[in-house]
Amino acid sequence: GQQLNQSPQSMFIQEGEDVSMNCTSSSIFNTWLWYKQDPGEGPVLLIALYKAGELTSNGRLTAQFGITRKDSFLNISASIPSDVGIYFCAGQLAGANSKLTFGKGITLSVRP
Amino acid sequence: DTAVSQTPKYLVTQMGNDKSIKCEQNLGHDTMYWYKQDSKKFLKIMFSYNNKELIINETVPNRFSPKSPDKAHLNLHINSLELGDSAVYFCASSHGQGRSPLHFGNGTRLTVT
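Protein sequences appear in the order of chains A and B.
Take 1 as the starting number for the first sequence in the working numbering and just add one per residue.
Take 1 as the starting number for the second sequence in the working numbering and just add one per residue.
Bear in mind the hints are in silico, worked out from the structure with no lab data behind them.
Some hints here could point you the wrong way.
Think about it this way: if two alpha-carbon atoms lie no more than 25 angstroms apart in a straight line, the pair counts; the simulated SDA-like pairs of lysine to any residue are [what the hints assert, rightly or not]:
(1) A/70 x B/95
(2) B/71 x B/51
(3) B/22 x A/40
(4) A/104 x B/41
Here are some chain B residues pointing at chain A (derived, C-beta under 10 angstroms) [stated by the list, open to error]:
(5) 4
(6) 40
(7) 41
(8) 42
(9) 43
(10) 90
(11) 92
(12) 102
(13) 104
(14) 106
(15) 109
Don't be surprised by glycine CBs; every beta carbon is placed ideally from N, CA and C.
Modelling step: build the complete structure from the supplied sequences, incorporating the hints.
Below is the structure:
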């Protein structure tokens, strides 16, 4: 089955630093999504990518859909304490009702 | 508020009991899902319904039975609860066209003792 690889499992950065997270797959996807989960809450969509090579920003967040369609990265610039949480990548094939496959998530800690 | 809402938020019960989790969305979406998040935070799809019809049914024990009375609701009933069922269960919804991101509820933490 399709698998998404996110590593490392945890990242620790200093407030103000930039951080980049990568997500790779053995399969091609038509859509890449990045979600953030805060404790006690459900995942919230950060950025959606629909085209190979697409680069999209949302405030301090930037994500790219890899040219090979097998990877994506998320960059957070000038991190702040509220960036703490679990970041999930997810890939989806085209077609109605296609399944969304999630990576295992990266837990980000930001030291003030 | 437009949202995906699920109840209860916490559910503590004993092995062997039967319990239900309810989910409602007012986003006008036609597809709803149940995901299970284990202790390692891995999100795994269980079921997906489109316009009240089951379209995805992953390898889930028969003790789990989803029910969709209409496209805005997807409930999850679990029979004969086991210790391994302890997890956080998330409901989600989307426009089921393959390019519509999922919107998640805030989860139901199920603890089976």
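Now the hints, each set against the structure:
no.: 1; hint: A/70 x B/95; verdict: holds (24 angstroms)
no.: 2; hint: B/71 x B/51; verdict: holds (5 angstroms)
no.: 3; hint: B/22 x A/40; verdict: holds (18 angstroms)
no.: 4; hint: A/104 x B/41; verdict: holds (7 angstroms)
no.: 5; hint: 4; verdict: holds (8 angstroms)
no.: 6; hint: 40; verdict: holds (7 angstroms)
no.: 7; hint: 41; verdict: holds (5 angstroms)
no.: 8; hint: 42; verdict: holds (5 angstroms)
no.: 9; hint: 43; verdict: holds (4 angstroms)
no.: 10; hint: 90; verdict: holds (5 angstroms)
no.: 11; hint: 92; verdict: holds (8 angstroms)
no.: 12; hint: 102; verdict: holds (6 angstroms)
no.: 13; hint: 104; verdict: holds (3 angstroms)
no.: 14; hint: 106; verdict: holds (5 angstroms)
no.: 15; hint: 109; verdict: holds (8 angstroms)
Of the hints listed earlier, there is not a single one the structure fails to meet.
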